[in-house]
Amino acid sequence: MSRYLVNIWETVSTLIIGLGVTFKHMLHIRRGYVTLQYPEEKWPRPERKIGFDHNDYNVIRSRLHVDIDDCIGCMKCARACPVGCIHITTVKVPKGVDLGTTSNDTKKRLLVTRFDIDMSECMYCNLCTYPCPESCIYMTGGPNSGKHPIDYEFSEYDRSNLIYRFANISPEEVERITTPPAKPETEGVKA
Amino acid sequence: MFENLPYPDLILWLLLAGLLLFGLMAVNALAAVYAERKISAFMQDRLGPMGQGAGFHAGKWGLLQTVADALKLILKEDIIPRAADRRLFIIAPYIIFIGAFIAISALPFSEYIQVIDINLGIFYLLAVCSLGVVGLITAGWASDNKWSLYGALRSAAQIVSYEIPAALSIIVVVMLTGTLDLQGIIRAQEGLIWGILPNWIIFNNPFTFLAFFIYFISGVAETNRTPFDIPEAESELVAGFHTEYSGMRWAFFFLSEYANMFIVCGIATVAFLGGWQSPVPGFLDSGGWGLFWFFAKLLSLIFVMIWFRWTFPRLRVDQLMGVAWKVLLPLALLNIFGVGLWSLYIG
Chain A
98 MSRYLVNIWE TVSTLIIGLG VTFKHMLHIR RGYVTLQYPE EKWPRPERKI GFDHNDYNVI
158 RSRLHVDIDD CIGCMKCARA CPVGCIHITT VKVPKGVDLG TTSNDTKKRL LVTRFDIDMS
218 ECMYCNLCTY PCPESCIYMT GGPNSGKHPI DYEFSEYDRS NLIYRFANIS PEEVERITTP
278 PAKPETEGVK A
Chain B
3 MFENLPYPDL ILWLLLAGLL LFGLMAVNAL AAVYAERKIS AFMQDRLGPM GQGAGFHAGK
63 WGLLQTVADA LKLILKEDII PRAADRRLFI IAPYIIFIGA FIAISALPFS EYIQVIDINL
123 GIFYLLAVCS LGVVGLITAG WASDNKWSLY GALRSAAQIV SYEIPAALSI IVVVMLTGTL
183 DLQGIIRAQE GLIWGILPNW IIFNNPFTFL AFFIYFISGV AETNRTPFDI PEAESELVAG
243 FHTEYSGMRW AFFFLSEYAN MFIVCGIATV AFLGGWQSPV PGFLDSGGWG LFWFFAKLLS
303 LIFVMIWFRW TFPRLRVDQL MGVAWKVLLP LALLNIFGVG LWSLYIG
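In order, the protein sequences belong to chains A and B. Sequential numbering from 98 applies to the first sequence in this note's numbering. Sequential numbering from 3 applies to the second sequence in this note's numbering.
Calculated from the structure, these hints are not laboratory results. A portion of the hints provided could be inaccurate.
[Unchecked claim] Footprint (simulated), chain B over chain A, 3 or more residues, beta carbon under 8 Å: (1) 104-118; (2) 122-133.
[Stated by the list, open to error] Subject to a maximum C-alpha distance of 25 Å in a straight line, what follows is the list of computed DMTMM-like cross-link-like pairs (lysine to aspartate or glutamate): (3) A:Lys204 x A:Glu272; (4) A:Lys121 x B:Glu38; (5) A:Lys139 x A:Glu272; (6) A:Lys139 x B:Asp47; (7) A:Lys173 x A:Asp213; (8) B:Lys328 x A:Glu107; (9) A:Lys139 x A:Asp255; (10) A:Lys205 x A:Asp167; (11) B:Lys74 x A:Asp255; (12) A:Lys244 x A:Asp167; (13) A:Lys205 x A:Glu272; (14) A:Lys121 x B:Asp47.
We put the beta carbon where it would ideally sit given N, CA and C, even for glycine.
Whole structure, please, built from the sequences with the hints as guidance.
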């Protein structure tokens, strides 16, 4: 009989202790909650230790970016890609049209009308970033943080949005640049 | 006021009352689900549904979360298993809902607001609370699923066993107040004891204090809440008797569960905590404030039920039955004896 009553007493007292614990946690929610409210709050992306200094070797693997204004259309990156996910179309401009220079003061001779990288095929090997003479194709962040800080959330709702289209020239503009200006009639001089 | 109305008018008033009660049940489910999710989250050191952020989100502090859930449930596909007993499958949620609905309609929300005011008040409530068992067993059987059947039968055993201590605790209240009428029970609890404590039945003598807890524990067990939620034990029976239900049918079970919580807490406040009366007579005592006090007490009891759910581990089915028959029943009988002696020689 006394065992019975002791059981009841122990049950009730330990239950009340338990209630106190949860109540305390409820009142102190402001002090300690473990929820990270993504996307307002994000954990910082950790540095990756790869064996040598990031500044010496471009091995960050994040997301490809092209500074299209620096591209000279040499297609070395497209040839280097093992998967073949870079598609570049260039157009020769007629004589006399000036396309400007890259940031390394190299004269641009070809007009890049299409520069598509299909990121759903890309395998992030970085092989396209090494041959570029202008260093205009690179992975964001890491040693390239000055040009383009890292972002790691490039998920898309539609797979077709994973084809990154870097060329920023409209067809009308291509038409305008590649059409040679009307030449005045020259009589006679034919070599 | 409504006794001598001609029939068309009476029917219209009843329809209006029915609609209001249904609205109350729906709002109760929405608010209780939101409260449960937030309170359980805070108790577990997390934040629960929150609403900041771009895009379709759930309102500030997640207030629109239950609205979003309700919309989702309405739009879900209605699946009935091929081997299920079709008619019973469809009827089962409605039986439980009807049981909960007619019980809510008898609760005295304030001195003047009560849909069914009969002088059998509390007897009616106790009787109607047992209708839910029929719906549960029907759901478990009609699902043609072994685990649903186990859940349903365990639930039937549980509810029937815990009815007894609950009813015996209510008998204590009836003994003290001498009436079954709910408004009469509430009116018998006015005034103060020793000048400071409100004259609620819970404070009347130590036996009634115990009776309140026995009633409350039995009430928690009757609504299949943790720690007594073996019938819908998530980790053991998938979802117990409502495994095979989806979309709106499941929403009815859900609505009825929260309505049952409402009823149990309602009966507890009416019988033990003084119903719509204010704890300090004279302070916020006039007619309209009764509604406020009733809901304040009821919502605190619902908070305690939610608190219980997220603190205690679940009881095994044999421990559950042991508690009902070996602990609560003897204590409830002892209470009746004790209250009788107390009122005879002391009270």
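A quick look at each hint next to the structure:
1. 104-118: holds (count 5)
2. 122-133: Held - the segment 122-133 of chain A has 7 residues with a Cβ nearer than 8 Å to chain B, which meets the minimum of three.
3. A:Lys204 x A:Glu272: Satisfied, since the Cα-Cα distance of roughly 21 Å is no more than 25 Å.
4. A:Lys121 x B:Glu38: holds (17 Å)
5. A:Lys139 x A:Glu272: violated (46 Å)
6. A:Lys139 x B:Asp47: Distance of about 19 Å is within 25 Å: holds.
7. A:Lys173 x A:Asp213: The given pair, whose Cα atoms are some 14 Å apart, holds under the 25 Å limit.
8. B:Lys328 x A:Glu107: It holds: about 16 Å lies between the C-alpha atoms, which stays within 25 Å.
9. A:Lys139 x A:Asp255: Given that 25 Å is the threshold and the Cα spacing comes to 24 Å, the pair holds.
10. A:Lys205 x A:Asp167: Between Lys205 (chain A) and Asp167 (chain A) the Cα gap is close to 8 Å, so the pair holds against 25 Å.
11. B:Lys74 x A:Asp255: Holds. Lys74 (chain B) to Asp255 (chain A) sits at ~23 Å (cutoff 25 Å).
12. A:Lys244 x A:Asp167: holds (12 Å)
13. A:Lys205 x A:Glu272: holds (18 Å)
14. A:Lys121 x B:Asp47: Holds. Lys121 (chain A) to Asp47 (chain B) sits at ~10 Å (cutoff 25 Å).
Hint violations for this structure: number 5 only, all remaining hints satisfied.
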